[in-house]
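*Asks:* Next come the chains, spelled out residue by residue.
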Amino acid sequence: MRIAVAGNPNVGKTTLFNALTGRRQEVANWPGTTVDYVTGRVPALAGEPLELIDLPGTYALEAYSQEERVTRNFLLHEPHDAVIVVVDASRLERNLYLALELIELTPRLVLALNMMDAAERDGLRIDAKAMSELLGVPVVPTVASRGTGLRELIAAARVAAHRRDLPVAAAAVPYPEEVRRDLIAPIAARLSALPGLRHPPGWTALQLLQGERDIAAALAVLPQGKSALALARDLLAGWGEPRRADGTAPALALAEQPDVAGHQEELGLVLADSRYDFIAKILKASVRRRLRWRRDPTERLDGLLLHPFLGYLFMGAIFALGFWLAFVASAPLSGHIDRLLVAMGGATARWLAGAGAPAFLRSLLLSGIFPGVGAVLSFVPYMAVFFAVYEVLQDSGYMARASLLVDRFMQLIGLHGKGFFALVSAYGCNVPALTATRVMENPRDRLLANLVIPFIPCNARLGVMAVMTAAFFPGAAGALAMIGLIALSLLVLTLVTALYRHTLLPSEPAPLVLELPRYHWPSWRTVALAVWHRVWLFLSRIWWFLIWATIAIWALTYFPLGQPIDHSYAALLGRWLTGLAGRHFGFDWRLMIAILFGFVAKETTLSTLGVLYGSGSGYVSLAHALTHALTPLVAFTYLVVYMLYVPCLSTVVQMRRESGAWSWAALGAGVNVAVAFGAGFLVERIGIWLGFAP
Amino acid sequence: MAHSLRLSDLPDATRAEVREIHGHPMFRSRMLALGITPRSPIRVLRRMPMGGPIEIEVRGTRLALRLSDAGRITVTVRA
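If you read the protein sequences in the order shown, they are chains A and B.
Just so you know, we're using this note's numbering here: the first sequence kicks off at 108 and counts up by one.
Just so you know, we're using this note's numbering here: the second sequence kicks off at -10 and counts up by one.
These are computed hints drawn from the structure, not numbers from a lab.
Mixed in with the good hints, there may be bad ones.
Rough simulated footprint, nothing fancy, chain B against chain A, three-plus residues with beta-carbon under 8 Å [said to hold, decoys possible]:
id, region
1, 163 to 177
2, 200 to 210
3, 374 to 383
FRET-style restraints, in silico, Cβ to Cβ [unchecked claim]:
id, chain 1, residue 1, chain 2, residue 2, range
4, A, Gly582, B, Asp(-2), 21 to 31 Å
5, A, Gln331, B, Ala(-9), 45 to 55 Å
6, A, Ala586, B, Pro30, 47 to 57 Å
7, B, Asp(-2), A, His691, 26 to 36 Å
8, A, Ala436, B, His(-8), 49 to 59 Å
9, A, Ala586, B, Ser(-7), 53 to 63 Å
All C-beta atoms, glycine included, are put in the ideal place defined by N, C-alpha and C.
Using the sequences plus the hints, can you model the full thing?
*Replies:* What follows is the structure, encoded as structure tokens:
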């Protein structure tokens, strides 16, 4: 038995889902989209086992974002036995709108009145029985965070799924008489004669009248479906026109262009109005409000957190703490993983040597496979802590406030306020930042953020940049060089954003429509499960690419057998790349190889340079070797290129995942490389013109 | 006596009623789903600095809209 769980965002839907299913969950990607969804099983003590599907949050059945489209398509086209609609009991007026839309679609539905505790704190007394009678569906009060009402909810869902005596339009929203008589009824009558109609005729009639394209398209392929479509159009065109004496609508003059779209809009208002009137009636009959002279804690907090001056200070502090946790405090964990792998690699190599294994096999393990696994696993601490921070900020309601605070400033660089967190977090690591762009509903805004995030230097790049600037520009000059580099990355980000906006993604940022939910403590279980899902999704997709890439690098430097590194295939490739591009920048083959290999994982750049310049180990000797081999101008040019080109293989794979197509990932990577070398070229020319030695 | 103005021009904390919603059909229907319908009571709670978005309260929920989008909604204030 399959039961879909739907609801507005921020109503505790996922908390409820987690409370019902526990850890018996699976996460998957919706076919053809970049939307993830979670299914879970409810242990069955008696009766059929239940499968629950956690659908993305939505405000209405009409889809506004890709996530909402997934919810719509599931509810309309995927087989399921019942729907649980989760509503926030303390925000019923708005929440019941979606519930009414879904009740019109299917009577096999249960309403979960969630967050009853918050409603009670607000002084609301809700009579679930009275509400159930008016709505025509079971209403079950729940407190998902405490596990209250879950058993009753599941029982009600089972009953609903088996409901065979489907009442005709259980909660008929009392639409105005003339709308029902002149528009809905005639179309519904014609539809109910149609064989193969998948949804209730009344509901389908409403969709046709509101011009829902997918419903119309699905109907057009049914026999006689076109006549229902034509009827809907004609009725709409004649709607509101003066009637003839005999009560029939006037025939339209052929030359007259009927204003179907205008009438559709007008009807949309009438329908929404009737729904809200009906909701008001339901609330009047089922909700008692005791006045409480208590100031809403959310309002008090917002007084500080959305303060025109203090709000920005708080945001800075909150983000700083979050990123410190994600990228600084988690670093020792990465270190431990690293050391563990080195130790394991060493032990394996000794064991192989003892067993008489050939040298190349030992080398493959030590320099190919173990570093590959290390590159995969080194992401885990970052990702886990980052997503925990992200979930806490999102779930508590703070993320919406931060988006509100920065939207104005994000617009200056052509991006959406909701992308701010992703953009800032990209300084830590680009890979989870790409996932964090999912808060944006508009696919174009999201794609744009995905394409420009790789220009932001991440932790790994900043580390290499810091080491090299310290070596080449001692003292205050180093700080200046770093600031210059970061300012340059921001300038590039703004310019590239403008470029995309004027070419491939010509659109203004989508309207900011942001609900500011009540603040609440996030549930640790919701956070932990979300972190687990995200880290798992990432690892399961990336490990394959990374391990093959590190093996390829190992092979390039190891073969032909017995040759020193400057005669390896890597050196050959490096020399070819130098001839192709490097020589215009003063880069020798070693720098080109470091750029190429840095594509796999930026963290390895320093050790690659160390090996190639034969400095032995340690940053001090590397700095020494580099300052002897390169002029400051070449080094600075190198840093510019290094900072701006494709961050790493993981970002490309992740970008493919977030954009849904390899072509976007390839385009993004291509623009990265072109912009990096273009900027490097400019910097070098300007440097020479200013009199620096090339 | 009632006068109408754009939501973006509505002074903070003044109670008003929604009159009309303009703009793209998608934007309009999303406003309807969020409870911004003709005759619904509405008020502005706060504004972000430098022409940033405004926070509004409508039907018991709080929403943020950009000034340019709020300009597509007209409201009536009963004097």
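*Asks:* Decide, hint by hint, whether the structure agrees.
*Replies:* Going through the hints against the structure:
Counting residues of the region 163 to 177 of chain A whose CB falls under 8 Å from any CB of chain B gives 4; the rule of at least 3 is met. Given a C-beta distance limit of less than 8 Å, the hint that chain B covers the region 200 to 210 of chain A holds, as 4 residues qualify and 3 suffice. With 5 residues carrying a beta carbon less than 8 Å from a beta carbon of chain B, the region 374 to 383 of chain A meets the three-residue requirement, and the given coverage holds. Separated by about 55 Å at the C-beta atoms, Gly582(A) and Asp(-2)(B) break the suggested range of 21 to 31 Å.
For the hinted restraint 45 to 55 Å between Gln331(A) and Ala(-9)(B), the CB-CB distance of approximately 50 Å keeps it satisfied. Remark: the range hint 47 to 57 Å for Ala586(A) to Pro30(B) is upheld by a beta-carbon distance near 55 Å. At roughly 56 Å, the beta-carbon separation of Asp(-2)(B) and His691(A) lies outside the given 26 to 36 Å, and the hint is violated. Between Ala436(A) and His(-8)(B) the Cβ separation comes to about 56 Å, which falls inside the hinted range of 49 to 59 Å.
The hinted range of 53 to 63 Å is satisfied by Ala586(A) and Ser(-7)(B), whose Cβ atoms lie roughly 56 Å apart.
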